[in-house]
Amino acid sequence: MTVERSEGDRNALLALHFGEGNARTLAAARAHASGCPRCQEYLHMLSGVDAALREWEEESPPPELAARVLSRATRLPQHRTVTASVPSAMPLVGLLPVLAALVVSIRQLAGWLGDLPFWTALEGWPVVQNAAPFAAAVVVLFMLGGLASLAAAPALVMESRR
Amino acid sequence: MEEQPDHVLVAEVARGDAAALRTLYLRYERPTFNLILRLAGNREMAQDMMQETFTRVWTMAYTFRGDRGSFKGWLFTIALNLTRSELARKRHRVRHLAEDAVDDLVSPSDGPDALLQRSEASGRVTAALAQLTPDQREIVVLKVYQQLKFREIAEMTKTPEGTLKARFHRAVAELRERLAPAGSGQP
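Going down the list, the protein sequences come from chains A and B.
Residue numbers for the first sequence follow this note's numbering, beginning at 971 and rising by one.
Residue numbers for the second sequence follow this note's numbering, beginning at 29 and rising by one.
Where hints are given, some of them may not hold.
Said to hold, decoys possible - Here are some, though not all, of the chain A residues that point toward chain B, as calculated from beta-carbon distances under 7 Å:
no.	residue
1	H987
2	E990
3	E1028
4	A1037
5	L1040
6	L1069
7	A1071
8	T1090
Simulated from the structure, these hints should not be mistaken for lab results.
A virtual CB, placed ideally from N, CA and C, is assigned to each residue, including glycine.
Work out the full structure: start from the sequences and follow the hints.
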């Protein structure tokens, strides 16, 4: 036999069985249940299952467990929070010379590329004509950087496996 | 001597005080062991998980915040999460618990009659609990054996209270059938 209930009824009866909730709500649930055979049946089922489950009584841990657990646990170092001694933005300062060198390189390379004859084809678009050598310089530097990374990769992999 | 509150002891553990850990361990050994035992259904695994749990308390004590909840709730959450992970890792789901797990639940210090009676009672319950889904078993163990409130379980498991109540209701309905003595309709 199943005891089907609405969610609200069921929650009220669970609260009543376990004594959870405020006194007023519990008193209302108790008053209702005392005159409702279906609710009484549900509460009876809860009590029955509860009692049956408690046949599995608490077990005692083995007496030697405490010494073993504590000795092994305290052998390990404790984790600590690391307080940063340097403000988090400070490492970015180290990037400034790199960025400056990059800008200078792009300007220099764009100057050389700008002297090449084929930019005359862009005379109809003066803005593009001025910007194109810089874009080409960025692409060339990016490709050179990629090639340098590839060249260094085997050495970096070997280092990380040490 | 007046007992030191849990949060004071955890703060001392965080500063590396092994004696404070021992006090907390002795205070919560039995309920934690029984929580894990009933989730795992296996004494050996319960002992391993006790080790993992209190090692985590020792190494992570600095993360405990007393204003966010009790030490007991924090401890049980650690034990629960570690046991869940271990059960999942070993494909040792509670619904597939070995039959012989019941044998592991009996203390060798008991007399033969007590052993027989106790193993029958606990074996019947263990077998019934083992048939539940892991989620259902968890809610039954936390609610019935650990006697936590639904609100506390909701915080521990990060699950809405309504979901937990529905899950408990379904678990009870299943247990009712399985725990009913032969020939009777009631548990």
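Status of the hints after comparison with the structure:
no.	hint	result
1	H987	violated, 10 Å
2	E990	holds, 5 Å
3	E1028	holds, 5 Å
4	A1037	violated, 10 Å
5	L1040	holds, 6 Å
6	L1069	violated, 39 Å
7	A1071	violated, 43 Å
8	T1090	violated, 67 Å
Of the numbered hints listed earlier, those contradicted by the structure are 1, 4, 6, 7 and 8.
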